[in-house]
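Top to bottom, those sequences are chains A and B.
Sequence positions in the first sequence follow this note's numbering and run 1 to 115.
Sequence positions in the second sequence follow this note's numbering and run 1 to 112.
Any given hint could be a false lead.
Said to hold, decoys possible - Now the in silico label distances, taken between C-beta atoms and shown as ranges:
| id | chain 1 | residue 1 | chain 2 | residue 2 | range |
| --- | --- | --- | --- | --- | --- |
| 1 | B | 53 | A | 12 | 45 to 53 Å |
| 2 | A | 88 | B | 82 | 41 to 49 Å |
| 3 | A | 22 | B | 80 | 31 to 39 Å |
| 4 | A | 41 | B | 12 | 17 to 25 Å |
| 5 | A | 51 | B | 53 | 29 to 37 Å |
| 6 | B | 20 | A | 27 | 27 to 35 Å |
| 7 | A | 41 | B | 62 | 26 to 34 Å |
| 8 | A | 70 | B | 62 | 25 to 33 Å |
Said to hold, decoys possible - Capping the alpha-carbon separation at 27 Å, the derived lysine-lysine pairs in BS3-like fashion look like this:
| id | chain 1 | residue 1 | chain 2 | residue 2 |
| --- | --- | --- | --- | --- |
| 9 | A | 3 | B | 59 |
| 10 | A | 53 | A | 3 |
| 11 | A | 13 | A | 55 |
| 12 | B | 70 | A | 57 |
| 13 | A | 53 | A | 70 |
| 14 | A | 18 | A | 53 |
What the hints assert, rightly or not - Residues from chain A that face chain B, not an exhaustive set, calculated with beta carbons under 8 Å:
| id | residue |
| --- | --- |
| 15 | 41 |
| 16 | 42 |
| 17 | 43 |
| 18 | 94 |
| 19 | 107 |
| 20 | 108 |
Keep in mind that the hints were calculated from the coordinates and are not lab data.
Beta carbons are placed, not taken as given, at the ideal position from N, Cα and C, and that holds for glycine.
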Amino acid sequence: DVKVTQSSRYLVKRTGEKVFLECVQDMDHENMFWYRQDPGLGLRLIYFSYDVKMKEKGDIPEGYSVSREKKERFSLILESASTNQTSMYLCASSGQGLAGANEQFFGPGTRLTVL
Amino acid sequence: TQLLEQSPQFLSIQEGENLTVYCNSSSVFSSLQWYRQEPGEGPVLLVTVVTGGEVKKLKRLTFQFGDARKDSSLHITAAQPGDTGLYLCAGVRGWQGGKLIFGQGTELSVKP
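Chain B on its own, in the form it takes in the complex (with noise of 0.2 Å):
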């Protein structure tokens, strides 16, 4: 069974500062996508990452693919209370349908 393990669970900080959250598996995904959940509303996707070692950049957000395509990460620089929300990374299994298995989800609390 594939899991993506996602840490940490919460997280709260303050305004300006950096933070880090970690997507990590023992399988290897095809391509693995990060979404943004609002209190209230479904998930939005931010960026889809499908090459190992890939780089992409969303504003002040970096999102990072392993070399290995087991695992991902998400940097924020200068966070702002608007960053608040569920992070949640999700690994696209197989071809059919493009289902997602996705990991726990981070809870980000930006604090002004």
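Okay, chain A solo, but in the shape it has when bound (with noise of 0.2 Å):
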């Protein structure tokens, strides 16, 4: 059964902490992104790595970056976590390949609250 796990499901933490969300993949996949989904505005996209240590930036980087060490973690980091930022994260992962149409794996997404 394909997975995709996030470290955890909610955390609460307080503005101008440094916050690291964990996410695992156990399909081989090459590539991996990291999305924030707000009310009303659908699933937006924060980062993406095709490949180890590869990464480029989504639709709205800013206040994020990413790290990606080894194949099956994906890790997103807010340098100095903010109030705006408080949303849920979501994970997933995909394979190549035909024509870009692959399936995202999502992983359950974690609730984050900046206070």
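Hints in hand, dock the two standalone chains.
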């Protein structure tokens, strides 16, 4: 059974703290993604990685960084958390395929609250 | 910038009713996916449509890709409470890494 796991389901942090969100996939997928999900805005891509140590900015990278040292693990880092980063964070992975029409497998999400 | 407009944003219906969710863009996508997300879980893929005009059926769900590959619809026949959830359309953009652009989502509630 394919699986994407995220380190925490719920997280509460204070403004200015450094926050690490971890994501692990067991499908040997090349591609991994971090999204944030806010009501009425759908999923917005923060960063993605198509190979180990490779990363590219998505649509809303400001205030975030990522790390992919191993194929199965993709970390999202909030260098200095702010209240406007309170959101649901979803990690996903996908394999290589034809014409980019790859199914993305999602983790259960981390609901982050920044006070 | 490619955008996907999804409508309606909220839909509350009675069990047994039919409904249609729309996903529209001014851009052409190589393919389009529909996901369903239940509370506390990540989205799960329902279907991918690739060819303009394509129609795919998944039990009581019918998915259509527009001829010009700019829009798509999801039709549910005789909705059931188990269909309740957030439905998301996602356009596949480019080839690199299979990046998706998501619509805003449609929150569907089916009451018994």
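Right, here's what the structure says about each hint:
1. For the hinted restraint 45 to 53 Å between residue 53/B and residue 12/A, the CB-CB distance of approximately 49 Å keeps it satisfied.
2. Distance hint check for residue 88/A and residue 82/B: the Cβ-Cβ separation is about 23 Å, which falls outside the suggested range of 41 to 49 Å.
3. Range check, residue 22/A to residue 80/B: about 37 Å between beta-carbon atoms, so the 31 to 39 Å window is met.
4. Separated by about 21 Å at the C-beta atoms, residue 41/A and residue 12/B satisfy the suggested range of 17 to 25 Å.
5. Separation of residue 51/A from residue 53/B is about 35 Å and conforms to the stated range, judged on CB atoms against 29 to 37 Å.
6. Taken as a hint, the range 27 to 35 Å holds for the pair residue 20/B and residue 27/A, whose Cβ atoms sit roughly 33 Å apart.
7. For residue 41/A and residue 62/B, the hinted distance range of 26 to 34 Å is satisfied, since their beta carbons lie about 27 Å from each other.
8. Between residue 70/A and residue 62/B, the C-beta spacing of about 41 Å breaks the proposed range 25 to 33 Å.
9. Between residue 3/A and residue 59/B the alpha-carbon distance is near 25 Å, which keeps this suggested pair within the 27 Å criterion.
10. The hinted pair formed by residue 53/A and residue 3/A meets the criterion: a straight-line CA distance of about 22 Å does not exceed 27 Å.
11. A distance of roughly 26 Å separates the Cα atoms of residue 13/A and residue 55/A; the hinted pair therefore holds under the 27 Å criterion.
12. Between residue 70/B and residue 57/A the alpha-carbon distance is near 25 Å, which keeps this suggested pair within the 27 Å criterion.
13. Of the pairs offered as hints, the one joining residue 53/A and residue 70/A holds, with about 8 Å between alpha carbons and a cut-off of 27 Å not exceeded.
14. At roughly 21 Å between alpha-carbon atoms, residue 18/A and residue 53/A fall within 27 Å of each other, so this suggested pair holds.
15. For the restraint placing residue 41/A at the interface with chain B, the shortest Cβ-Cβ distance is roughly 6 Å, inside the 8 Å limit, so the hint holds.
16. Because the beta carbon of residue 42/A sits about 4 Å from the nearest beta carbon in chain B, less than 8 Å, this interface hint is met.
17. Checking residue 43/A against chain B: minimum C-beta separation of about 4 Å stays under 8 Å; hint holds.
18. At a threshold of 8 Å, the smallest CB-CB gap from residue 94/A to chain B is about 5 Å, leaving the interface hint in force.
19. Hint status for residue 107/A relative to chain B: holds, with the closest Cβ pair at about 5 Å, below 8 Å.
20. Of the supplied interface hints, the one on residue 108/A holds, with its beta-carbon coming within about 6 Å of a beta-carbon of chain B, less than 8 Å.
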